[in-house]
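Novice: Could you put together the complete structure from these sequences and hints?
One letter stands for each residue in the lines below.
Protein chains: 4
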Amino acid sequence: MSDTFHFKGKWINQSILVSELESEMVGVGLVGTGFMGKCHAIAWNAVGTVFPEAGKVRLVHLGEANEEFARRRAAEFGFAKASGDWRAVIDDPEVDVVSLTTPNQFHPEMAIAALKAGKHLWCEKPMAPAFADAEAMAASARRSGKVAVLGYNYIQSPAIRHIGKLLDEQAIGEVNHVRIEMDEDFMADPEALFFWKHEASSGYGALDDFAVHPLSLISVLFGRVARVMCDMAKPYKDRVTADGGRRAVETYDIASVLMRLESGIAATLAVNRSAWGRKGRIALQIFGSKGSILFDQERANELQLYVTSDRPTEQGYRTILIGPQHDPYGAFVPAPGHGLGFNDLKIIECRELLARLAGRPSRMVDFTEGLEIERTVHAMARSFEQQKWIEVR
Amino acid sequence: MSDTFHFKGKWINQSILVSELESEMVGVGLVGTGFMGKCHAIAWNAVGTVFPEAGKVRLVHLGEANEEFARRRAAEFGFAKASGDWRAVIDDPEVDVVSLTTPNQFHPEMAIAALKAGKHLWCEKPMAPAFADAEAMAASARRSGKVAVLGYNYIQSPAIRHIGKLLDEQAIGEVNHVRIEMDEDFMADPEALFFWKHEASSGYGALDDFAVHPLSLISVLFGRVARVMCDMAKPYKDRVTADGGRRAVETYDIASVLMRLESGIAATLAVNRSAWGRKGRIALQIFGSKGSILFDQERANELQLYVTSDRPTEQGYRTILIGPQHDPYGAFVPAPGHGLGFNDLKIIECRELLARLAGRPSRMVDFTEGLEIERTVHAMARSFEQQKWIEVR
Amino acid sequence: MSDTFHFKGKWINQSILVSELESEMVGVGLVGTGFMGKCHAIAWNAVGTVFPEAGKVRLVHLGEANEEFARRRAAEFGFAKASGDWRAVIDDPEVDVVSLTTPNQFHPEMAIAALKAGKHLWCEKPMAPAFADAEAMAASARRSGKVAVLGYNYIQSPAIRHIGKLLDEQAIGEVNHVRIEMDEDFMADPEALFFWKHEASSGYGALDDFAVHPLSLISVLFGRVARVMCDMAKPYKDRVTADGGRRAVETYDIASVLMRLESGIAATLAVNRSAWGRKGRIALQIFGSKGSILFDQERANELQLYVTSDRPTEQGYRTILIGPQHDPYGAFVPAPGHGLGFNDLKIIECRELLARLAGRPSRMVDFTEGLEIERTVHAMARSFEQQKWIEVR
Amino acid sequence: MSDTFHFKGKWINQSILVSELESEMVGVGLVGTGFMGKCHAIAWNAVGTVFPEAGKVRLVHLGEANEEFARRRAAEFGFAKASGDWRAVIDDPEVDVVSLTTPNQFHPEMAIAALKAGKHLWCEKPMAPAFADAEAMAASARRSGKVAVLGYNYIQSPAIRHIGKLLDEQAIGEVNHVRIEMDEDFMADPEALFFWKHEASSGYGALDDFAVHPLSLISVLFGRVARVMCDMAKPYKDRVTADGGRRAVETYDIASVLMRLESGIAATLAVNRSAWGRKGRIALQIFGSKGSILFDQERANELQLYVTSDRPTEQGYRTILIGPQHDPYGAFVPAPGHGLGFNDLKIIECRELLARLAGRPSRMVDFTEGLEIERTVHAMARSFEQQKWIEVR
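Residue numbers (the numbering used here), protein chains in the order written: chain S, 581 to 973; chain H, 581 to 973; chain D, 581 to 973; chain A, 581 to 973.
Because the hints were derived from the structure by calculation, they are not lab data.
Just so you know, not all the hints are guaranteed correct.
Any copy, or any two copies together, can satisfy a pair, since identical chains are not distinguished.
[To be verified] In silico SDA-like links for lysine to any residue, alpha-carbon gap of 25 Å or less: (1) K777 with A915; (2) K696 with E715; (3) K870 with R891; (4) K817 with S889; (5) K777 with D818.
Specialist: Structure, rendered in structure tokens:
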């Protein structure tokens with residue numbers, strides 16, 4: 581069925597003799613076309629235009645829940661073939677790398693199958709609801725020798741990348757304290773109906789839903805977490821059900837965590853998915869011996885820097901607007917102050933993935949490091965259950 | 581030569597039987613591949629994925645200064661054919677619409693030729709350095725019956741669109757005063773060499789370089805300008821030349837304008853391209869009988885609204901983060917607070933263009949309205965020369 | 581009558597043998613006890629505690645519209661004597677300096693009488709509604725040889741003072757452009773009744789009501805204004821009267837001005853007293869060859885500084901919170917970031933006045949410089965009437 | 581000796597026949613004249629002018645470490661008598677209320693003595709370094725029947741007061757989560773010398789130095805704390821000593837606390853006195869079922885309110901500038917947006933104290949409630965020592 585698409589495929593960044601080069605292009609498969617699936621599709625469509633040096637890609641095969649839907653999405657997203665069965669995508673010999681964007685509970689089976697099929701994998705975060713599954717995925721990735729990376733897009737932000745550079749060059753001296761918060765309000769309405777995210781089967785709550793994002797930032801900026809002490813809370817004890825009754829909420833929308841990093845830094849993490857007014861806040865405060873840095877994802881095109889090398893009468897937080905001097909903003913817009921958007925982060929991530937496929941240095945959270953993030957999240961949950969500090973490893 | 585690309589073209593949003601549908605797709609030509617050329621290319625590549633309902637496009641033919649460069653860019657941007665002669669693009673029968681992104685002085689000849697060749701036109705702003713040329717372009721567009729629109733991307737911003745909605749529904753009552761500023765600092769360094777933007781042949785200075793952007797916002801939000809009183813200034817009288825001498829600067833980096841709109845609103849406009857610290861500021865202050873609205877392009881994902889219907893003790897500017905409820909943010913990201921970037925504005929603009937090509941309502945500045953914007957700019961310059969109020973028409 | 585208060589007066593900063601020192605203390609008279617009168621009273625009560633080195637004062641005599649009211653206020657404000665006739669205050673031999681805080685139209689008669697009576701004068705701004713009266717006041721001050729200064733408190737702000745220092749040391753190089761705005765919303769309600777500020781007899785409108793404040797800042801930071809081009813507008817043409825009718829508004833709530841300073845700086849001024857949402861905004865933008873400075877009175881405890889000496893990747897506006905290193909913040913609070921309030925500005929002003937009385941250097945707008953400010957305002961009004969640029973002198 | 585001052589005292593808010601009224605005035609004694617002593621003096625001098633209805637006061641007697649210093653300060657601050665012995669102040673029969681602003685370790689002895697001497701007490705926070713001493717002070721206050729209150733000035737802020745009102749009227753529904761931070765950088769310099777605040781004898785560190793302030797806000801806004809789980813950290817392990825050696829730092833500049841309030845609210849507290857860039861930050865985030873509220877003491881004249889009753893497309897944090905409608909701002913300035921300063925908070929506190937002395941309702945933290953705050957701080961320290969959750973009571 582999908583064969584009928586074959587010669588009408590869309591080649592991005594094709595060079596002159598496409599027929600000759602086809603084998604050198606990276607063949608892309610996409611499984612799942614929701615929020616993140618579309619986000620991957622936008623990235624795959626844009627990466628060659630924004631980053632011509634990144635390499636060439638072909639959008640080969642798209643998989644969705646049924647064939648009709650798959651065909652519609654393939655047409656929208658520019659994929660050559662469409663299938664109602666995800667296995668057709670990972671078995672397609674023209675597919676070199678699979679974008680896996682299905683709901684988290686499907687990740688283990690699909691990811692391991694794709695790796696076994698010899699595909700590289702770009703899997704949305706988190707790896708899996710159960711830690712054992714995440715371990716199996718990481719083991720499978722190790723065995724396969726394939727590239728297996730996770731979609732932690734915030735680490736790609738030019739502002740976050742620049743913060744990393746500043747830390748590396750000790751612009752604020754030695755870091756001694758970090759606070760990070762992630763808050764949204766999509767579950768804040770107490771009148772909203774009970775749904776699957778309120779069931780224990782969906783996980784702990786904000787902890788696994790959100791904390792992996794801040795932890796990805798901590799991972800790339802400061803390294804691993806050593807010990808955790810976690811508290812969790814429910815803003816609403818129960819909720820209305822579709823039939824007009826009320827049902828007890830089983831997950832925790834709020835989590836607050838004391839942490840010690842392996843480097844010795846004392847840190848705190850706070851997440852809340854019922855925080856009215858917060859839309860996409862990831863607020864970072866980094867304190868060092870010679871200054872401090874602030875960042876908030878809701879104003880992702882700026883960062884705040886305070887350094888003691890400024891004259892005392894003029895010390896203050898600088899609001900630095902990202903621009904061409906902050907990698908890789910200039911590939912999107914050559915003028916400063918024009919701003920990148922959320923989808924642009926995924927385009928950068930896609931560039932990093934292509935770099936890794938080509939054996940070049942890249943900045944991504946792979947399955948090994950991703951597993952450490954999830955190990956940390958599960959340690960936090962255990963800490964809450966046992967009401968005590970837990971060593972992550 | 582460009583024929584060799586023909587069957588290897590890139591189809592965006594193709595549907596099942598591409599061969600049948602090819603004639604229904606919009607064939608795209610791109611002339612120029614600088615800052616704005618790349619921006620158009622990103623938009624053409626993304627529009628179908630972001631806005632599946634917008635219609636299908638084919639990236640047919642790219643023109644650049646020489647064939648080798650054109651071929652390289654075509655490969656990068658995903659165009660099927662490449663030519664070193666822009667006339668090949670506008671003469672290509674497969675091209676339906678031409679993206680014209682060359683330097684402003686080339687617009688008149690190329691735009692008129694494209695319209696005469698029966699192509700629709702998406703021309704970067706401003707129309708032309710000389711008003712007579714802009715008039716000729718508008719006349720040509722009228723005669724052609726083709727769609728001829730300008731790349732005023734800031735009017736596409738979800739925040740600006742929402743401001744328009746708020747004004748329409750009289751959320752701040754009747755508007756009585758408007759202030760708008762546009763400032764950047766790319767010419768602020770007094771040690772930078774004299775270059776072509778310092779020559780009178782490049783235009784008046786910040787006035788034609790910048791003012792068209794704020795005027796496009798005024799045009800869509802408040803209508804036309806009736807009278808203007810303008811002052812212009814040079815921050816630096818002369819500049820170093822490449823040979824170590826100094827040359828008098830002939831253009832004005834600063835312009836300040838008193839205005840009366842046709843609606844009677846008293847307004848001011850200030851532009852400065854030597855404003856250290858400003859990167860992409862377009863700051864709008866709108867005062868009405870029941871409230872006010874603020875916007876700054878450097879924080880383009882938010883707007884500020886003050887309304888007197890709030891209880892007096894809680895009146896204050898609301899910082900509204902744009903989200904899915906602000907058209908068309910949701911097509912990019914389904915969650916609020918994640919932010920769009922500058923390039924996303926061009927994708928929205930591209931959607932509007934496709935809507936106009938399909939005869940649907942759209943929000944664009946066409947050549948007729950664009951001519952009014954340029955008429956206003958030239959009236960401002962005349963006002964400065966004559967040191968008096970000038971009626972725009 | 582007021583004699584009965586004599587021995588019960590309040591001495592601020594008295595030293596051990598008050599009776600001996602009384603003659604060395606500055607005797608204070610206060611005429612008027614409204615907004616500004618209370619503000620002066622707070623300053624006179626606090627100045628000795630906050631600035632022990634400033635000198636000693638005695639609160640001698642308070643004048644109000646009638647004796648009963650005067651007595652009540654004298655008791656509240658700590659003045660020893662009270663009179664229902666302002667002449668009793670300026671004739672009191674124990675009074676050395678008169679705080680004049682009555683409505684503007686009373687300033688000329690009272691100020692000239694006080695100067696003739698040999699008193700120093702601390703007069704609230706502006707000097708007088710009519711320029712001829714202001715001229716007479718300045719002439720009287722010159723003849724008297726007494727200290728005659730105006731209550732331009734914003735020039736006392738530690739942030740503004742520090743901006744002055746930064747400009748003096750060329751921290752942002754040579755200033756080439758300045759924009760200043762002052763906006764409030766106390767007249768913004770279109771349903772509010774017609775009152776005296778809508779009558780032409782009250783003056784031009786926002787121009788004389790507000791513009792003197794920004795002009796005082798321009799005066800101390802950049803010097804005098806050379807030429808002006810002004811536009812004025814009425815947000816509401818008429819208003820409801822107490823009897824339910826409507827009456828045409830005669831004053832202009834909005835004024836926008838193009839300016840050239842004597843130093844050659846191109847500047848703009850915008851004032852609006854019907855600007856919904858603005859409460860006490862005085863927003864200053866200063867652009868120089870090496871940086872820029874921003875300030876907003878609504879956040880008076882901070883200023884923004886951008887300098888090109890910062891490394892390009894970290895250039896950005898620094899939000900500098902005023903602290904002990906910014907004169908004279910430390911006299912109020914020894915710790916930074918705690919913030920001063922509006923009344924504290926008047927206490928600083930009072931210290932400056934005491935310094936001037938003692939023959940020490942001080943920072944105040946005296947009647948000579950104040951006259952220049954009012955000359956500028958009247959030139960602006962003439963510019964609007966004649967619709968052309970006007971030379972101030 | 582101090583008698584010589586007697587008839588030269590300073591009467592604030594005296595009314596006509598001072599001699600008759602003297603007995604009705606509140607006689608004030610001040611012990612200590614450092615940062616807080618001067619702050620009290622400013623308040624006592626200003627309270628009658630700012631709040632005429634508050635009652636009359638006389639500045640009777642000032643005590644300092646030696647008589648000469650006491651005399652100088654008395655002259656500066658306007659007190660009638662001066663003594664080098666604090667006991668002379670509390671024994672003075674003309675003194676009704678004692679402002680106690682000496683270093684914390686002197687509080688217990690002086691406070692208890694003052695209460696025993698039948699004086700009302702306005703004691704700076706915290707009560708005492710040792711909890712047993714604080715208990716003794718509270719017991720003494722209870723026995724005395726006198727007013728004994730603490731100088732928690734931040735609870736007096738018009739913004740904090742308005743937040744209290746908003747919470748009371750359920751403007752953001754039922755509160756379910758609170759985060760509070762207090763950060764300064766006066767100990768952030770790693771090169772600064774070892775001093776007494778680094779010694780264990782000074783207390784735990786930031787915990788007792790700072791946490792009482794946020795806890796005072798929690799106390800008035802949300803009630804008492806039930807359980808705590810605390811972590812503490814040292815940014816710098818050792819410091820240079822005056823003799824060029826290095827000495828181990830014994831106190832903790834950073835503390836992070838998980839909390840459950842008696843009301844069930846889950847909260848976090850973070851304090852840091854080595855947080856470069858923070859000058860006087862007390863940042864409060866309050867999340868409820870219908871909105872949220874933000875506050876930061878560094879911008880103390882504004883608060884942020886988000887309510888879900890706003891139309892979804894216009895929901896956003898409102899930046900509310902405090903003004904006359906926010907009690908008691910209007911007593912300082914009748915116009916909005918002009919701003920209060922830190923010292924103004926103490927003037928408000930002084931008004932509250934006078935109200936309590938007069939038996940009227942007032943908003944102050946008395947010794948009973950203050951003891952609960954200190955109990956909570958000590959519970960936090962115990963939690964850190966034992967590495968586990970601690971019940972406060």
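Novice: Next, verify each hint and record whether it holds.
Specialist: A quick look at each hint next to the structure:
| no. | hint | verdict |
| --- | --- | --- |
| 1 | K777 with A915 | between (42 Å within a copy, 16 Å between copies) |
| 2 | K696 with E715 | within (15 Å within a copy, 65 Å between copies) |
| 3 | K870 with R891 | both (13 Å within a copy, 16 Å between copies) |
| 4 | K817 with S889 | between (50 Å within a copy, 22 Å between copies) |
| 5 | K777 with D818 | within (13 Å within a copy, 48 Å between copies) |
Hint compliance for this structure: every hint is met.
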